[in-house]
Every structure is written in structure tokens, then in C-alpha cells.
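Generate the whole structure from the sequences, applying the supplied hints.
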Amino acid sequence: MVRYIGRRLLQMIPVFFGATLLIYAMVFALPGDPIQALGGDRGLAPAVADQIREQYNLDKPFFVQYLLYLKGIVTLDFGNSFSGQPVMDIVKRAFPITFRLAMMAIVFEAVFGILFGLIAGLRKGKIFDATVLVVSLLVIAVPTFVIGFVVQFFFGVRLQWFPPTVGGNVSFESLLMPAVVLGAVSFAYVLRLTRTSVAENLSADYVRTATAKGLSRGRVVNVHVLRNSLIPVVTFLGADLGALMGGAIVTEGIFNVAGVGGTLYQAIIRGEPTTVVTFVTILVVVYIVGNLLVDLLYAVLDPRIRYA
Amino acid sequence: MKIRKLSRITAIAAVGSLALAACSGGDSDGESSASDNVFTIAYNSDGGHQAWVDATANSIKNVLGIEVEGQPYATFAELRTDVGDRAMTGAFRTGWQADYPTLYNFLGPLYGTGAGSNDGDYSSDEFDSIIKQGLSAPSIDEANVFFDQAQEVLLADLPSIPLWYSNVTGGYSENVDNVEFGWNSVPLYYQVTKADGTAVLANGSEPENPLVPTNTNEVGGGRIIDMIFTGLVSYDAAGEARNELAESITSEDQQNWTIKIKPGTTFTNGEPVTAQSFVDAWNYGALLSNAQKSSYFFEEIAGFSYEEDSELTGLAVVDETTFTVALNQPNAAFPLQLGYSAYFPLPESAYADMDAFGTAPVGNGPYQVVEGSWQNNVSIELEPNEQYSGPREAQNSGVKFTFYESQDAAYNDLLANNLDILDAIPDSAFGTYEGELGERAVNQPAAIFQSFTIPQELEHFEGEEGVLRRQAISLAIDRQSITDTIFLGTRTPASDFTSPVIAGWSDSLAGSDVLQYDPERAKDLWEQANEINPW
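Just so you know, the protein sequences line up as chains H and R, in that order.
Take 236 as the starting number for the first sequence in this note's numbering and just add one per residue.
Take 540 as the starting number for the second sequence in this note's numbering and just add one per residue.
Source of the hints: derived by calculation from the structure; they are not laboratory data.
Each residue gets a CB set at the ideal place from its N, CA and C atoms; glycine is no exception.
Treat each hint with caution, since some may be false.
[Stated by the list, open to error] Going by beta-carbon spacing under 10 Å, a handful of chain R positions derived as facing chain H:
(1) G587
(2) D667
(3) G897
(4) L954
Structure follows, in C-alpha cells:
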């Protein structure tokens, strides 16, 4: 088990270098000169633009730039953004907020998705099942920003139950609305996955055996049906964590959350290699760790899976 | 000043047009009709420009019967790169927000031969010489007469096609009073009063640079700099300059200026503000290797150089409260410029580490940054500076700027009274905000001019043929209906190259009829151009 985890962690090293190189190359290949944009409609004086380019090593060839970046990483210096802030400071500020938001979204979609999915699966074809299926279909079909604006307008502006935006106030209460909106689509997927999986397993031989043995309905459902049904759901949730952290641009924009998505988006627009590469690399690492956790969870859920 | 108005939602649409632009490639969709000439107007699709560009293109197309298309660039950086490299193959959108309230600021930097922002490479001896006469005029009123004449030259040549002036749109909550927006579309935060005595909540955007006056060229940092520093003069709501630190700014020849400052004022760290504080700050801002984004404001001072590090030899300290400025050429508007942030003084303690200073600036303005309150991308808080005395004394207990990436979010906060002052209504609420805010809605002209530039070298747009075509295109744009339908009255059709909030502005310049919608005359002029050289 420990060796397995160690091996998986070692695999992260080549992935890390590969990811930074690839992302650096992609940012480098973005069309347009980011320094030109710093002057706005007025444009920068060419001499000043040259000076700034030199400051950020943008006047050097690609591999020199990349090696300078790597050299910085070794000394834990991730470079500066165009506004002069150390990238590490931006990371320290943005990631905890987004992580909190993503965690709340994951908990929301896992708890409610699995609960509703389980009930729907057990009562397949009944009125609850039908309602839940229609509602989840709607949630999947309506774009996130529509859900976001509607929720914000009704609960934030009209009823004023929650603050309409988050801003600097990252309390549980102010993050609740964005977390629900962020988790809404995945909630619907989790629900449908659980429902299908539960319904299928209900008619499996081992469930019939368990029932025939005289086990109580509760024990059959909880231990035999649910546990086996969760494998595809856990896979989905693990992959979703990475997606929620990097892909929350729309939700973060609507609720003014100063998180990873928005910062990354702005950095891409500005063509700022240091910020983009550092952020994406961290997201890649989050993804890998998330997948590792999922793989380990399999063993817990399904006794037949063992890692050596 | 840089205008960055970027809504996330429109920005996401931009990703779509990136793919679109990639597909359409260089050539024009393979159409090969008799006249395959297409007149294009380039724009950056991350700034919400598509709707008006398309409407303008349609207006020209319908009147002149030629192919006109918007040409989207995915990002502002891409557009600026091609403009900077002179790689444009058609017209491109241009805009100008005044740095200081003078007519000259809209003209010299944009259309003077070889001027820094003359992106279309316009060059007219007549224009240049009239501008020069204006700058040498003994007073600003007399100068404005020349500047109007210079505009008449532009109206005949149309180096860029004026479209409209942007209004400032905004609103405020029920919790605040005495809200007024200035000529530069920034609210006068210092005079806002709030009944419950708490800090005024305002929208802002993350400063793109450390808070150093000469390195701040965008509105997010600019409004904070303007509040925590005080220069020689400041502007009132109407853009009228009044003395702040200056006791007098005088010159015999409009070229050699003597500036006397008030004695006894200090920075918040106790350092006195002296003539040296100005001279050192200006030298710092101008020095090439400091790479300050606003260094061009010192171009006209003797000794300035883009080639190498050089001292501003035109600056000389006479005594503690007096210094002199020698310009390379006369500039009657010089005293009016001095309220712009690039000309603010700096304390001596700044120079040791300017980046560190920029994160915790020490100023001399009506406000100071609350220590440790600047959370990047989130918010910054300002509190009144008790030592300040002047025309901009704070009437509230502080101002807290919350940074918004999307104006829609800020607008919803305003509706929920979570925000007191909003200085930009999102496009999506143009139709409803006046109803929702009632008397608390603001919609007034601002010093922002919008246009598209047709490069001087563009085929068919040179010489006599070019002038006819430029005029025809201008006459073919129905500015009134575009501002009514697309902008819902938040833009005003242009009648010159400046802005109605600037003193000396006139709506009846000779030749300004070329900015009216006149399809018959447009077609006529286009035909005349075709006789010289078929389209």
C-alpha cells in the first residue's frame, strides 16, 4: 500500500515538468504581445515597452525563458505578475478560497446527489423518481450562468437571504449560494449515476442472496447495494474536484469570488506566463492527488480491489 | 488613461470568436463577386464591442452598398500588437479617455505628426502648425480657438471617424448622499456623506501596478492614487483646475514655468512636501530604466530621453518651495495638466524600494490606505488623512473599494444595498437601471471619445480619393439610431474629436456636418471617389 502510494507520488515528478513545459509553450504561443496591452488604447512608448519586456525576460528565446522560470521554482521563487506581485502571494490568496468553495460544492453534490439518487433508485418508476429525473435534466440543460443569475437575483437581491456577492467575506453563509450553483450540474450527474447504479444492483444476484439470507432491508441497501453502487460515483467526484477548482470561472464571476478561475482567466487574457503556468501546474497536481484518493477509495468500497 | 471594461460574460463569448477568427483565416470567406473589396473594422471581442461594430458596419453597408465587416480579435493584446506593428488591413476601433481636461489632450497625442498614439500615422503640416500656435497662446481660452481650428482640419481629413462620446453611467444606494460624478467619470468620493457614519462602499478594480503615481495608467489604481496623493492642482466636478499645493504657476512665454508651492504641508509619515519632492518624483518617473508606464507625461520637459537614462535638466529647485520647469516648446495648457497623477510628489522614503512603496504607499492626499487593508483582487480600504487640508477634504469616515471582475455582480450588490456607489452600469442593465434606481441613477457625459481609425496608408483611403471615401463612410453611419438602440442612450453622437465635458468644446465646428447621417450625400461622395479610382 505504502509502496503503491510512493510510486504514484513519484510519477508526479515527470508529470510536473511535462505540464509546466507544455503550458509555458502554450502561453508563449498565444498571439499578441502582452506588453503592448499594458498601455491601454494609448499604447506604451516603445522604449518603455522594451524595458518592461527585459524585466520579465520576455525578450529572451523560449527555452531561456522556461529555464529561468524553472530556476526560480527551485528557489521557490515563482516570479512576479505584471502588477509586480509575487505569484506565490496570488496562489496563497486564490487557492484557499476556491478550495473552500469547491469543497462545499463537492459536499453538497455528494450528500444530496447520493441521497436523492438512492431514494430514486429504490423507488424506480415511482412519482419521486420521475420528478427527480425531470428536475435533474433541467439542471443539466440550463447553463450555469443562467442558474447563477437567477439564484443571485432571487435569494440575494429580492429576498436578501444571502449576500448577493462574496467579495472579501468568505464565510460559510456567503459561499453557500455560489457553492450550490457551482455544484448544481454535478449534483444532477451524481444523482443520475447513483440512481442507475442502485437500480441495477438491486436486481443483482448477490442482493437477492443477501435478502434470501434474511438480512434486513436497511442492511441490504446500505451495505450491499449502496457500497457497490458508489464506485462510479466516487470516480466522478474525484475527477470533478479538479474541474470545480479550475473551471469555476463563470460562478466566480457572477458571485465576485476572487478565486482561481477568475485569476487564471485574467492571467491568460493578459498573457502572463508566470501566473498561468504556476496556477495550471497546481491544478494538475490537485487532479493527480484527487485521482490517487479515488483509487485508494476503491479499495475501501470494493474488497476485491487490493493495491500492492 | 486606459479603459478596461471587461465583463466576464462577454469575455466568455470572446472565446467563441477566437475559434471563429481562426476559421475565417486571412481571406474574406472566399467570396469572389465583382468587387471583392471588403471594408473591415477591427475590434477586440473581450471588451463588449461586437454589437456596435456590427451595427456600424451594417449602417455603412446599407448606405454605400459595399461589403463591410467587423473583424474580431480575441484579446485586446492581439489588437494592440497589430496596431503597434502597423499590420492592420482595415479600419480599427480607437478610443480615448482624457488624462486631464483640455482639448489638446484629445488632439496632440492622437493626430500630431509622429505622436505616441497616432496609430493611423496621420500627418498634416497645417494641423501641426495650428496646434503649435495654440500651445504658444498666452491663455487657455485663446489656445482653444486654435484647437478648434485644428479640429476643423481633422474634420476635413477624417484620420479617424468620430462616433460618439461615452457617458458615465452609475448609481448609488439609499444609504449615501451628495454623490456627484466628476468630469473624468470618477465619483467625487470625498464629498459623499453616509448617515450611519460607516465607510462608503464603492466598486473598483484591482490596481494593475504597484500604487506608484508615475506607473499607474489605468482606472483601478488611478482612482486610489488620486485620493491618497495631492498634486499642484486638482479638478472640480466640471474639470475646472484649482490650486491644491500650488501657490502659483506662472510663465512669461508658456515655455519656462515657475511653480511656487504652499509651505508647511507634509506626507503622512511626517516628511515635508517641498519643491524637491516634485523634482525627484518627476525625474524618477521620466528615467528610462525605471520603465514607468506614464513616463510620456515628461516628454515635453527639457532633458527627457527615450534613448538612454537622462536627467530632466529642465527642472531646477530654486528654494524649499519654488522650482522651475523648462519645456522643449511652449505649452499654454501645462498648468492644467498638473492635476494628473503622474505629476504627484513622492516622499524621500519611496526611492529605497519603489515596489514595496507601491504596496504600502505614503501620500499626502485627503485619504490614506488603511494599513494592511489591501487584499489583492478583493478590496482596499481608505481612511481620511487628518493632516490634509484643501478643497477635497473627506466628508465621510472612509471609502472601501471592493474589486469586481464583473459589473453585473456589482450592480446586484448595489440593488441589495451592499454597495453604495457604482460607477459603471453593466450593459445588461442599460434598459432597466433608470427605472430600478430612480433618482439614484447617474447618466452624464464623460471625457471619453470613441472612434475608428482608418490608416492613412490603406489602399483607397489615400489622397483625394481617400478623403471622399472617409467622408462618405462617416456620412453613412446612423450614429443617433445606434446610440439609441445599442447603447440605449448611454452614448451621445459625436460632433467633434473631443468631449462635451471639456472647457472650450463646441458642437458647431465648421465641417462637423460630415458627422451627420446623410445617405444621399454619402452615396454621392462614394461615387465621386469611384470616378477617381474604382472601389
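Against the structure, the hints come out as follows:
{"no.": "1", "hint": "G587", "in the structure": "violated, 14 Å"}
{"no.": "2", "hint": "D667", "in the structure": "violated, 20 Å"}
{"no.": "3", "hint": "G897", "in the structure": "holds, 7 Å"}
{"no.": "4", "hint": "L954", "in the structure": "holds, 5 Å"}
Of the numbered hints stated above, those contradicted by the structure are hints 1, 2, listed in ascending order.
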